[in-house]
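From first to last, the protein sequence lines are chains L and U. Offset between the first sequence (1-based) and the working numbering: plus 447. Offset between the second sequence (1-based) and the working numbering: plus 69.
Don't read these hints as lab results, they were simulated from the structure. Honestly, I wouldn't trust all of these hints.
[Unchecked claim] Just a sample of chain U residues kept apart from chain L, beta carbon distances all over 10 Å, derived:
| hint | residue |
| --- | --- |
| 1 | Ala77 |
| 2 | Arg94 |
| 3 | Ser104 |
| 4 | Arg145 |
| 5 | Tyr148 |
| 6 | Gly150 |
| 7 | Gly151 |
| 8 | Leu156 |
| 9 | Val159 |
| 10 | Glu171 |
| 11 | Glu199 |
| 12 | Asp205 |
| 13 | Tyr211 |
| 14 | Ala218 |
| 15 | Pro238 |
[Stated by the list, open to error] Selected chain L positions facing chain U (Cβ under 7 Å, derived; list incomplete):
| hint | residue |
| --- | --- |
| 16 | Val486 |
| 17 | Gln490 |
| 18 | Arg494 |
| 19 | Ala500 |
Glycine residues also receive a C-beta, built at the ideal position from the N, C-alpha and C atoms.
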Amino acid sequence: MNLTLHVWRQAAPADRGRFARYDVADVTPDMSFLEVLDVLNQQLIARREEPIAFDHDCREGICGACGMVINGRPHGPARATTACQLHMRHFPDGAELWIEPWRARAFPVLKDLVVDRSAFDRIIQAGGFITARTGSAPEANAILVPKRDADLAMDAAACIGCGACVAACPNASAMLFVAAKASHLGLLPQGQPERLTRVVNMVAQMDAEGFGACTNHGECMAACPKEISIDFIARLNRDYLKATLVPRPPVKEFTGAA
Amino acid sequence: MKLDRLDAAHPGFHRAEAETGERVRQLLAVNGRKSVDAFHRELGGLLWDRCGMSRNAPGLQAAVEQICGLREEFWRDVYVGGKGEDLNQVLEHAGRVADFLEFAELMCHDALRREESCGCHFREEYQTPEGEAQRDDARFSYVAAWEYAGPGKPPVLHPEPLEFEAVHPAQRSYK
């Protein structure tokens, strides 16, 4: 296969950035999208040009490190697939592809296709935890969890934090991410003590990071490589309403690691 | 044990920062002809062939020599490119491959020293008449750490014997 790639090149956060055109020959249909970039990068290095910076780690769709917008769609055109698991057989020979980083104010571009997603880390620090006694494992059946709750919590926990939801959203909202993380803990008995403070703190941090608001476009769910449902956003909104309609007296809260 | 809170004014921090800066400078200064990826692939192929699931003493000895040669070539002819001040993924890769070139040699030394077949690692010289892995628990029932003794010096082994009280390791048999 021969491909024409238009890749976003941006030397540094302050650089304006531009698309650069690359013709890549000898791509095979069983290469992953990231392997095509690897091949291109080796060609660039051989020509003493700067290779394209992009994030990657596990390359098996479970870590959330990779992510780029391919022809306007986060992680490309295949359903429920990360860029690393997107294979070139999904594209016709001679395809022309535009490759961009996630675009969101809260995800500043560091270089080329690499964005700073530490905003997600700070949202997790704000509430993505439970308080638990450590030192000895509790008896496994001491707290019973209904199967349907466990399954639903697991669906939310499938979020790999890649940020495709933010990139897909016209408002650059992080609601699907926050909803998945808050629901995963809030659906389980172990997550109940902080359930309401969790949503308030995580939403406050989300807003502070500069993510937009949710207006129910549903683009996030369509782009999510783990097919996380926007039902979780409804769940987050319900808990948020519950937590804020009747404010509880302020108490000293555990707010995570300093 | 209570440890003091550390900050960037600590002499240890300055030392580590200076060492890292020097290493980055060295990697960029080589400015040779061969890519980091090419070295990584060559090393990977070498280990796969010589220190894979099935290995023998001549192969491992040859691997040690080849790795030393490859490491010497790396520091003479690697091309990294870019700068040390920016996000430079090739530089990150180069630092890892430099580590792998040291670690790979150590792994071969360790495999050479272990004159038995244990677990999945099959030393071809040590097998039962039926072709099963031949253990030697009298000599090799230990866990160990290798101490880095400095560049060009042989690493030092620190073994810690394993004592089995209830269940004892035995020769594998599927019969």
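Here is what the structure says about each hint:
1. Ala77: Fine: 18 Å to the nearest Cβ keeps Ala77(U) off the interface.
2. Arg94: 19 Å, holds
3. Ser104: 5 Å, violated
4. Arg145: Per Cβ check, Arg145(U) is outside 10 Å of chain L; nearest 18 Å; holds.
5. Tyr148: 7 Å, violated
6. Gly150: Gly150(U) is in fact no farther than 10 Å from some Cβ atom of chain L, at 7 Å.
7. Gly151: With a cut-off of 10 Å, Gly151(U) comes too close to chain L, as the shortest Cβ separation is near 6 Å.
8. Leu156: 4 Å, violated
9. Val159: 6 Å, violated
10. Glu171: 23 Å, holds
11. Glu199: 37 Å, holds
12. Asp205: 37 Å, holds
13. Tyr211: Holds, since 30 Å exceeds 10 Å.
14. Ala218: 33 Å, holds
15. Pro238: With a cut-off of 10 Å, Pro238(U) remains clear of chain L, as the shortest Cβ separation is near 28 Å.
16. Val486: 10 Å, violated
17. Gln490: 10 Å, violated
18. Arg494: Hint violated; Arg494(L) Cβ to chain U Cβ min 11 Å, cut 7 Å.
19. Ala500: With Cβ-Cβ at 5 Å, under 7 Å, it holds.
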